[in-house]
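The listed protein sequences derive, respectively, from chains A and B. Counting from 102, one number per residue, gives the positions in the first sequence under this note's numbering. Counting from 102, one number per residue, gives the positions in the second sequence under this note's numbering.
Hints are supplied without guarantee of correctness; some may be wrong.
Heads up, simulated SDA-like pairs for lysine to any residue below, C-alpha to C-alpha not over 25 Å straight-line [as the list claims (entries may be wrong)]:
#  : chain 1 : residue 1 : chain 2 : residue 2
1  : A       : Lys-382   : B       : Ala-182
2  : A       : Lys-382   : B       : Arg-176
3  : A       : Lys-382   : B       : Thr-211
4  : B       : Lys-391   : A       : Lys-382
5  : A       : Lys-391   : B       : Lys-382
6  : A       : Lys-162   : A       : Pro-408
7  : A       : Lys-391   : B       : Glu-358
8  : B       : Lys-382   : A       : Glu-180
9  : B       : Lys-391   : A       : Val-360
10 : A       : Lys-382   : B       : Glu-203
11 : A       : Lys-293   : B       : Arg-176
12 : B       : Lys-382   : A       : Lys-295
13 : B       : Lys-382   : A       : Arg-210
14 : A       : Lys-382   : B       : Ile-206
15 : A       : Lys-297   : B       : Ile-206
16 : B       : Lys-391   : A       : Ala-182
17 : B       : Lys-295   : A       : Ile-177
18 : A       : Lys-295   : B       : His-334
19 : A       : Lys-293   : B       : Lys-382
Calculated from the model, a selection of chain B residues having no Cβ within reach of chain A, i.e. all distances over 12 Å [claimed, not checked]:
#  : residue
20 : Pro-173
21 : His-179
22 : Pro-254
23 : Ala-269
24 : Arg-412
Quick caveat, the hints were computed from the structure, so don't treat them as lab data. From a predicted model like this one, the values you see are computed outputs, not experimental measurements. Glycine is no exception: its CB is placed at the ideal position from the N, C-alpha and C atoms.
Protein chains: 2
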Amino acid sequence: MTTDSSSTRVGHAPLKRFIAAALERVGLPQADAEKVGGLMADADLQGSDGHGAIRLPQYVKRIQAGGINTRPDIRIVHERAAMAVVDGDNGMGHLVVSRAAELAIEKARTAGVAWVGARSSNHAGPASLYARMPIAHDMIGLYFAVGNANHLPPWGGTSMLLSTNPIAAGIPAGDEPAVLLDMATTVTAYGKVKAKAKRGEAMPEGWMIDREGRPLLDPQRADEGFLLPIGGHKGYGLALIVGLLAGTLQGAAMGREVVDFNRDHTTPTNTGQAILVIDLKAFGEPQFFKAAVDRLVRDIRDSERLPGVERIFLPGEQSHERRRDYAEAGIPIATNLHAELDALARELGIDPLRTLHNPAAAEA
Amino acid sequence: MTTDSSSTRVGHAPLKRFIAAALERVGLPQADAEKVGGLMADADLQGSDGHGAIRLPQYVKRIQAGGINTRPDIRIVHERAAMAVVDGDNGMGHLVVSRAAELAIEKARTAGVAWVGARSSNHAGPASLYARMPIAHDMIGLYFAVGNANHLPPWGGTSMLLSTNPIAAGIPAGDEPAVLLDMATTVTAYGKVKAKAKRGEAMPEGWMIDREGRPLLDPQRADEGFLLPIGGHKGYGLALIVGLLAGTLQGAAMGREVVDFNRDHTTPTNTGQAILVIDLKAFGEPQFFKAAVDRLVRDIRDSERLPGVERIFLPGEQSHERRRDYAEAGIPIATNLHAELDALARELGIDPLRTLHNPAAAEA
């Protein structure tokens with residue numbers, strides 16, 4: 102959402118190529134580098150700018166430190182008609198989770214519903230990328246992941262045993278944009294705290310508390326406190342259940358086993374993710390379901406608003422609009438990020454990320 | 102949690118028999134009446150006292166008004182290896198959802214994972230009853246339901262198009278009690294607002310707002326406002342997704358189709374529910390998973406606490422303890438509820454609910 106004046110615009114294709122070139126240079130096979138590059142550029146395209154190109158320097162650092170396997174043998178370790186567990190062999194999370202999602206889509210086509218989990222995976226970008234994948238097949242996607250650093254204590258506690266463990270859901274609609282939820286189980290994501298710190302702004306009450314239970318408003322002091330779960334004990338419960346489903350069930354890290362990938366660049370994270378895919382065709386004619394979603398979406402959008410509210414949004418509607426706008430006008434890349442990517446390009450000896458001269462032609 | 106002095110204690114078996122006798126008297130076959138009676142008594146036994154015997158007068162009224170089918174033909178209308186949709190033929194929700202859960206357990210045994218939804222169902226009591234069912238089979242249960250009255254507008258809106266649509270999860274543990282989450286996607290459930298009104302207490306800020314968006318604290322004025330979702334727009338998104346999964350996907354009511362079963366006793370509610378069952382055996386040795394859950398539970402329980410916090414609870418731990426206590430000492434039934442049940446007994450010509458003379462022998 103960095104659309105302020107201190108940003109440049111880049112096209113999706115050049116961004117994808119740049120990321121792929123960097124990843125290939127540090128050892129990924131070309132096809133894998135392109136796949137990851139495409140997904141990371143997709144993240145930026147929908148405005149998930151905390152999960153796109155901004156992560157590239159960190160991924161490169163981790164790969165160079167030996168913390169990610171560039172030539173993984175991603176394989177199925179458990180399988181039944183409606184489930185599988187994929188071992189990612191410590192490869193890039195994007196490759197592992199895509200594989201899991203593709204397999205779940207394939208299995209759901211026959212079984213009606215399928216659950217595929219991943220272990221020995223890594224950070225894979227925004228949850229919504231994967232929850233969206235089944236939509237093109239007239240299928241619903243539900244996605245769960247264990248976050249890559251613990252910032253959440255149990256309710257009433259101060260030991261950070263839990264992460265922001267996100268939930269995402271992608272629901273096909275007819276003429277309307279798909280309903281697409283992507284939410285951390287904490288009031289805010291840790292990335293937003295870091296962004297507040299960068300901008301020198303205070304956090305609103307309710308985001309974090311300190312070790313005495315008092316509201317923590319200074320993002321520079323984030324290390325002294327922890328994130329708050331949504332709905333108090335409810336969000337704590339959700340974060341725990343998501344972690345058990347995406348982590349423990351797959352044989353992946355959970356609780357104190359979670360590696361903080363911001364501080365530790367070499368220990369395999371054994372990240373766990375899981376996707377549930379539901380084939381609409383098993384439940385009747387997909388067009389009836391999609392027409393019902395359209396009606397509901399319109400009922401909600403056209404419903405009465407609180408004073409001062411200009412518009413009621415459906416989950417995913419704003420990222421849908423950004424995806425359309427950025428595809429046309431280019432993806433904004435913050436100036437300081439662009440400088441960081443230029444430095445990375447020099448370090449790796451690859452071409453720098455090309456800025457759009459004519460933002461109206463993003464794919465030029 | 103009505104353990105105050107103005108309550109009497111009853112045993113689980115007499116409570117079940119009383120409910121079953123009432124339901125049989127208004128037309129349910131004996132086996133069905135006993136099944137519903139058992140599940141309603143189970144709700145009270147775990148302290149879900151807003152969903153147990155307290156609902157009996159309402160159910161009886163609805164049955165007598167012709168709003169529930171006492172002789173339903175509950176049947177499968179869609180089926181694949183890992184899914185089914187059960188049409189409840191407007192029967193008691195407890196019967197429909199139990200059938201769905203049993204079918205999902207059966208299918209998960211082979212497919213590894215199974216999703217069974219219900220439509221033309223009715224209110225079925227607390228979500229946790231059904232999320233718990235798979236646990237005895239070394240399976241995980243995830244349960245979603247559409248609430249039976251809309252109390253939640255979309256985020257920023259004032260039209261109550263959504264309900265408190267709950268999520269429940271049951272996760273088997275080893276020596277520890279199962280992890281059992283049961284949560285509305287609103288900050289509080291509407292039943293708790295009604296309880297505050299009954300006790301003449303104000304609501305805390307954050308439970309409800311009025312049509313101007315101001316905090317609503319007087320529970321007597323609940324009709325003038327609406328519940329708030331957990332985490333603001335996040336809880337709105339969750340309530341919507343749960344409704345799409347449990348309602349729309351099954352061909353059940355959602356959005357403006359939802360019938361307020363507190364005001365309307367005759368229109369079929371077409372309630373939707375869905376359960377996902379995951380067989381631990383498909384993911385490896387269940388004992389390894391359960392041992393990992395035990396470790397995590399102990400890490401959480403024994404972790405450092407905020408000042409003033411005496412104990413950190415796991416989801417489901419308190420209802421687990423109540424279940425044990427109430428099984429021994431009897432289930433507390435509030436005096437005014439007991440009087441209502443006595444009046445119902447006279448009206449139906451059945452034996453009144455027997456109070457425990459010796460609460461230590463609850464099953465006598």
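Cross-check of the supplied hints:
1. About 13 Å separates the Cα atoms of Lys-382(A) and Ala-182(B), which keeps this hinted pair within 25 Å; it holds.
2. Restraint check for Lys-382(A) and Arg-176(B): satisfied, since their Cα atoms lie roughly 19 Å apart, inside the 25 Å limit.
3. The straight-line distance between the Cα atoms of Lys-382(A) and Thr-211(B) is roughly 21 Å, inside the 25 Å bound, and the hint therefore holds.
4. Of the supplied pair hints, the one linking Lys-391(B) and Lys-382(A) is violated, its CA atoms being roughly 35 Å apart against a limit of 25 Å.
5. Between Lys-391(A) and Lys-382(B) the alpha-carbon distance is near 35 Å, which puts this suggested pair outside the 25 Å criterion.
6. Distance hint between Lys-162(A) and Pro-408(A) is unfulfilled; the C-alpha atoms sit about 49 Å from each other, more than 25 Å.
7. Annotation: proposed proximity of Lys-391(A) to Glu-358(B) holds, straight-line Cα distance about 16 Å (limit 25 Å).
8. Distance check on the hinted pair: Lys-382(B) and Glu-180(A) sit about 11 Å apart at the alpha-carbon level, within 25 Å; holds.
9. Annotation: proposed proximity of Lys-391(B) to Val-360(A) holds, straight-line Cα distance about 22 Å (limit 25 Å).
10. At most 25 Å may separate the alpha-carbon atoms for a hinted pair to count; Lys-382(A) and Glu-203(B) meet this at roughly 23 Å.
11. Distance hint between Lys-293(A) and Arg-176(B) is unfulfilled; the C-alpha atoms sit about 49 Å from each other, more than 25 Å.
12. Distance restraint check for Lys-382(B) and Lys-295(A): the Cα-Cα separation of roughly 41 Å exceeds the 25 Å cut-off, and the hinted pair is therefore not satisfied.
13. Using a Cα cut-off of 25 Å, the hinted pair Lys-382(B) and Arg-210(A) holds, with the two alpha carbons roughly 23 Å apart.
14. For the hint linking Lys-382(A) to Ile-206(B), the alpha-carbon distance of about 22 Å falls within 25 Å, and the restraint holds.
15. Distance check on the hinted pair: Lys-297(A) and Ile-206(B) sit about 47 Å apart at the alpha-carbon level, beyond 25 Å; violated.
16. Of the supplied pair hints, the one linking Lys-391(B) and Ala-182(A) holds, its CA atoms being roughly 23 Å apart against a limit of 25 Å.
17. For the proposed pair Lys-295(B) and Ile-177(A), the alpha carbon gap of about 51 Å is over 25 Å, so the pair is violated.
18. The hinted pair formed by Lys-295(A) and His-334(B) meets the criterion: a straight-line CA distance of about 21 Å does not exceed 25 Å.
19. Restraint check for Lys-293(A) and Lys-382(B): not satisfied, since their Cα atoms lie roughly 39 Å apart, outside the 25 Å limit.
20. With a least beta-carbon separation of about 21 Å from chain A, Pro-173(B) lies farther than 12 Å from that chain, consistent with its non-interface assignment.
21. A cut-off of 12 Å between C-beta atoms contradicts the statement that His-179(B) is not in contact with chain A; the least separation is 6 Å.
22. The Cβ of Pro-254(B) sits about 7 Å from the closest Cβ of chain A, inside the 12 Å cut-off, so the non-interface label is violated.
23. Non-interface call for Ala-269(B) relative to chain A: violated, since the shortest CB-CB distance, roughly 9 Å, does not exceed 12 Å.
24. For Arg-412(B), the non-interface assignment is contradicted: its Cβ lies about 8 Å from the closest Cβ of chain A, within the 12 Å cut-off.
Going down the numbered hints, you'll see the structure goes against 4, 5, 6, 11, 12, 15, 17, 19, 21, 22, 23, 24, while the others check out.
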